[in-house]
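Two chains, two separate frames, one set of hints: put the complex together.
Chain by chain, the residues run as shown.
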Amino acid sequence: MKKLTAAVAIATSMMAGFSIADTVKIGYVTTLTTPAAIIGQDMQNGVNLAMKHLGGKAGSHDLEVIFADDGFAPDTGKQVTDRLVKQDNVDIVAGYIWSHVLLASRKSVLDNDKFLIISNAGPSPAAGKLCHEDQFSVGVQNDLGPMAMGDQMNAAGVKKLYIMAPNYAAGKDMVKGVERTFKGEIVGKDLTKWGKDAQLDFSAELAKAKASGAEAIWVFYPGAAAGAFIKQYQQAGLSESMPLYTSFTIDAISLPKLQAAGFTAALGSQTTQIWDPTIDTAENKKFVADFRAEYGHYPSYYGAQAYDTIKAIAAAVEAADGAKDRDAFRAAFKSVNYDSVRGEYSYGNNNFPIQNLYLREFVEGSDGIWTSKIVGTVYEPGQDTYASQCKLK
Amino acid sequence: MDTTLLVIQGLNGLQLGLLLFLVASGLTLVFGILDFVNLAHGSLYMVGAFICASLTFYFDSFLIALVVSLPLIGIFGYLFEIVVARKLYERDHLDHVLGTFGAILVIDTVAHIIWGANGISVPLPDYLEGQVSLTSDIQIPVFRLLIIAAGLASAALLFWMVNYTRLGMLIRAGASNRTMVSALGVDIKTLFSLVFAMGAVLAGLAGMLIAPITEASLGMGNNIIITAFVVIIVGGIGSMKGAFIAALIIGVIDTLGRAFLDDIFALFMSSEAAENSAPAISSMLIYLLMASVLYFKPAGLFPPKVR
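These protein sequence lines map, in sequence, to chains A and B.
Under the numbering used here, read the first sequence as residues 8 to 400, first letter to last.
Under the numbering used here, read the second sequence as residues 1471 to 1777, first letter to last.
Derived by calculation from the structure, the hints in this document are not laboratory data.
Keep in mind that a hint or two might mislead.
[What the hints assert, rightly or not] A few chain A residues that don't get close to chain B, going by computed Cβ distances all over 10 angstroms:
1. Asp69
2. Ile260
3. Arg299
[Claimed, not checked] Derived, one-sided and incomplete: chain B residues facing chain A with beta-carbon distance under 7 angstroms:
4. Ile1478
5. Gln1479
6. Ser1624
7. Ser1652
8. Thr1684
9. Glu1685
10. Asn1693
11. Arg1728
12. Ser1753
[To be verified] Pair ranges (Cβ atoms, derived):
13. Leu274/A / Asp1562/B: 51 to 59 angstroms
14. Glu387/A / Val1477/B: 42 to 50 angstroms
15. Ala163/A / Ile1734/B: 44 to 52 angstroms
Computed from a predicted model, the values in this text were never measured in an experiment.
C-beta atoms are modelled at their ideal positions from N, C-alpha and C, and glycine is treated no differently.
So that you can see chain B by itself, here it is in the shape it has in the complex (with noise of 0.2 angstroms):
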């Protein structure tokens, strides 16, 4: 029974470490190339699960409206690239903090003008609503199978693109030093709007695969933003091998932290005690984790060679 319980967590984490890691891949390809700190990725997974939400109940279908919301949200991270942190590339860090902190109050309160305060539930269609029984004890939702199918595929993809093709070699030289790629002729400008409007499309995708599940809500960006601030930071700036596996280790870590900390605690200490710990340290876990990578390697478990 237990090992059946581990399987079903380990699953969870795996599904929460994706989507961290469709969030954390953005916003350390953007830190990473663009050495811009950007704040409002947030608002950018936010917005997705907005457009996906009203476009569900426009075509009466999630998959279509999903299909449909990616590239919207990649404009919308194209234009916000030209409008907004364009013009703060030149800036330092804090500037960069400013400009974007001023946008996610901007991007959330439009969003609260039109789509309301409310929230929106987004309805499944029924073949990704029920279950799907892996062994006879394991039982996982399928709309969660998706989520870790969606993650892996675009990990997958994304892998392929920075590594064999010319767009992701070009990404990969912005990072290890920008000035050379535009001396060699290279429109620097136009491959940064692309990897911002990647980075849009990625966060925008994992929000839309949560709202089915949550909602799409205001201000759900900036939970999650914080969290994927942590993967990158352990993942080493910049990588996407470390945002990966960061991302994994990160939702394993706190999903099974919610799952076994209190029967662990129970071990040593009154039931008790236990129950009230328990929660505390399980919110800390990713956190100390955190502390822990930067005093041994201060750069991330994988950072990039380059500069």
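Isolated chain A, as found in the complex (with noise of 0.2 angstroms):
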């Protein structure tokens, strides 16, 4: 009987100690199927290259990452986020490029007490009623850009504007961004269907918006429908008469496309965003040239988040030696110990980001590529009108 309870105290201290150098999962979800898959894979080059970077550890533990495709679609984005947590067991569950396919899938994650970090996705409720002391974005709320954009477009002198967002959460909530702060009259409105099968040709809205006497359009238009705008945006000889300001829609994916097939429009445009490739940073400036270096391409402020959010999350999980204590896991990843590549930043109650956004503006870079440069910072810094929502303090 002793030999018995000697050898269990043994097994369990072997256990023990080796649960202190366990691996850490985390579930990585994003979109790697349909036309939405360009942008997976820049978040999936962002997570690799700095699990690269990293060596595959945060201080004595490794850090294992598995992907999951959403497919664009909610549904299978909470599918596949049960099956991480319950199948695959992961500690965290980071990702979600798309605000419907997070709001679908956080339940999942934090029913079942696991972390939750999110690279892109910034839905409103997310940010106010229902934050979580377990959720944390390493993004931006969707409100915010716009709103930035807003101000921007008011000190522009713009006073008649048209608007034209995708039909869901996050289009909804960048609306609301824009309107929030425009000062002047907009002209008219469109929601366009969104999803799998989306909504790609915009003759319609275009046709509607040059009647509209508008003098400038806003829009959003994530992933390949940027292509498709920008493009239907030209031909409609829109460019000249109506100037363009954009979310979330011109990036690092969708230029070198332009670039190739030669879509000047988007040059000039302007935008709001948290970063840019020419953020003056060491960290920005390794990040930027070891992407090009192993990609080819400029890497797009989705690969930028997926790249802080492995960051963030092995600095908490060495800080925290692991993530099995929670508090203490909450507490470093709240204090942002980690050089971020776009700078300093911090945490409100709700658990999002308090930071800078900058206005970016697309240009012709010396090498010849495509590409973008900040030309000013509207919010130093800026946090999201949802915050008060929040009951965490």
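Structure below.
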């Protein structure tokens, strides 16, 4: 009997000893099929580059990333999230491009006591009423970029604006963001079909915009829809009469295609964002240079946010010695003890970042490749308006 | 001003309708004559777009690429019929669906491997890039006019072929009674392969024409195939005339719904409610149309007089 007890004790201590240096499993949900896979690929590249830079380790812990494909659909997203949580038993679920996918999946993560680290999606409920102590964003709340854009259009003297966005959670948030800060008149607004069978022919909407007498047009069309929109905007002959302002539309994903096809309407247009390849920090320079060397093109903000997500998780795992001590992990994550590619930021009570928003302009780089540069800082720093609805302190 | 916008939106609807017709005509031929449910018809549309996009960069000319791509996609369709479809004709519809759904997955994955996830933007020559003024108020992009012209020309060619040529006669005969046609000594296998290849060319052409507007991208065919099925169900399965008229009706309804529904709703509800409900209702319009057609005329608007 004593022998047995001793054996159990030894076994337990061995297991305990093993658990200190155990592997921290991260499930990473993004879109790897459908035309939106182009965004998922950029995020996957960002994650893989971060893992390479970290050597796959966070302190004494090994990191393991399991990718999952949400198929650009909330139901599939929830399914793969459930699988990551229950079957793969990950410690942390991260990623999420799409707000509607995140809103469908978040409960599966949080109800099972896993951490949820959001790379990109920023739906307003997650920052407000549905905020959670185990849920953190490494991106930006949806409204904030467009709010900065609204301020910017006021500064540019735009009085009449036409608005177009896809009809889903993030599209509605973004439109609300512009409407909150834009002071002129909104002469027309279209919310178009989104998802796997998204509408990509905007002839009817562009004809309306043209007839509306708007002085400028603001759109939000992420991923493959961006290229389609810019082309039709140029083909409809609007680039002279109606300047284009975008949020999360023109990016390192659409620019190479637009350049290859010669759609110059993209150049000179402006957007507001938390990150730009020209941000002058050692971390960012290394990230952009290594990303370009590895994958042959500029990273987009999706890639940058994915890179930051893994770096942030690794830093918190190292500081909290794993993800098992939940209070320690939370505190470590919230303190932002890593060098983000965007520079410094902090967390609000709702676990969404308080950070600078830059005005970016799309230009031809010195090497002839279309990219972007920072022409100003709109919010220094900015916080979303939903933080006050969050019950967390 | 409003009539101007109405005309422009009407033209946009016509353009969408003609593209739908190009996809639906092949689908209705194959479904009507071969009694074969081809979910992978949309993949032919996608492959056409990708081939044309690649060749546009190779030849540095969209029009040359278009002309070269048409026979290529025809050959692709011909081979697809021999390798995949032919083995499934004798099975029931569920096997057709399963088999061609598998084909979609295979073709999508192969396209992903060849062309990558990024999609390809197709540049147009300058003379197709601009605008034409039809009247002082009405301007429409040249390329959209080209789509309308190409769609009408293909439709006319198809009608002539089906109604006035020997091949067309065989196709119509095959649609009426397959067994009888083969009993009369017609090589029904070759006929089916030709019909299939023709459907592929039409669907491919639609993909090639849409690529410069949106882009060649993975899964683009899966988006249009649903609408194309709605078209052939509304028009009457197997009917070319039905497909043509239903495609135009659906193109116009969809476009006008997107364009004017929020203004119409705003007449009798608050502008905020109109803003929220209009996109939802407008994306349902074509399905509402299909449901009501199925209720009143279960065989579609123009069912072929057969069987």
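Tested hints:
Residue placement check: Asp69/A keeps its beta carbon more than 10 angstroms from all beta carbons of chain B (closest about 29 angstroms). A beta-carbon of chain B comes within 10 angstroms of the beta-carbon of Ile260/A; the shortest separation is about 8 angstroms. Here Arg299/A stays apart from chain B, with its beta-carbon at least about 16 angstroms from theirs, past the 10 angstroms limit. The closest approach between the C-beta of Ile1478/B and any C-beta of chain A is roughly 5 angstroms, which is under the 7 angstroms cut-off, so the hint is satisfied.
For Gln1479/B, the suggested interface contact is upheld, since its CB lies about 6 angstroms from the closest CB of chain A, less than 7 angstroms. Restraint check, Ser1624/B versus chain A: the minimum CB separation of about 19 angstroms is more than 7 angstroms; hint violated. For Ser1652/B, the interface hint is violated, the least distance from its beta-carbon to any beta-carbon of chain A being 39 angstroms, above 7 angstroms. Interface hint status for Thr1684/B: upheld, as the beta-carbon distance to the closest one in chain A is roughly 4 angstroms, under 7 angstroms.
Interface restraint check: Glu1685/B against chain A, minimum CB-CB distance 5 angstroms, threshold 7 angstroms, status holds. Taken as an interface hint, Asn1693/B checks out: its beta carbon lies about 4 angstroms from the nearest beta carbon of chain A, inside 7 angstroms. Interface hint status for Arg1728/B: upheld, as the beta-carbon distance to the closest one in chain A is roughly 5 angstroms, under 7 angstroms. Satisfaction of the interface hint for Ser1753/B is found here, the shortest Cβ-Cβ separation to chain A being roughly 5 angstroms, below the 7 angstroms cut-off.
A hinted range of 51 to 59 angstroms holds for the C-beta pair Leu274/A and Asp1562/B, which are about 56 angstroms apart. At roughly 49 angstroms, the beta-carbon separation of Glu387/A and Val1477/B lies within the given 42 to 50 angstroms, and the hint holds. In this structure, Ala163/A and Ile1734/B break the distance hint of 44 to 52 angstroms, their C-beta atoms being roughly 33 angstroms apart.
Hint compliance for this structure: hints 2, 6, 7, 15 are broken, all remaining hints hold.
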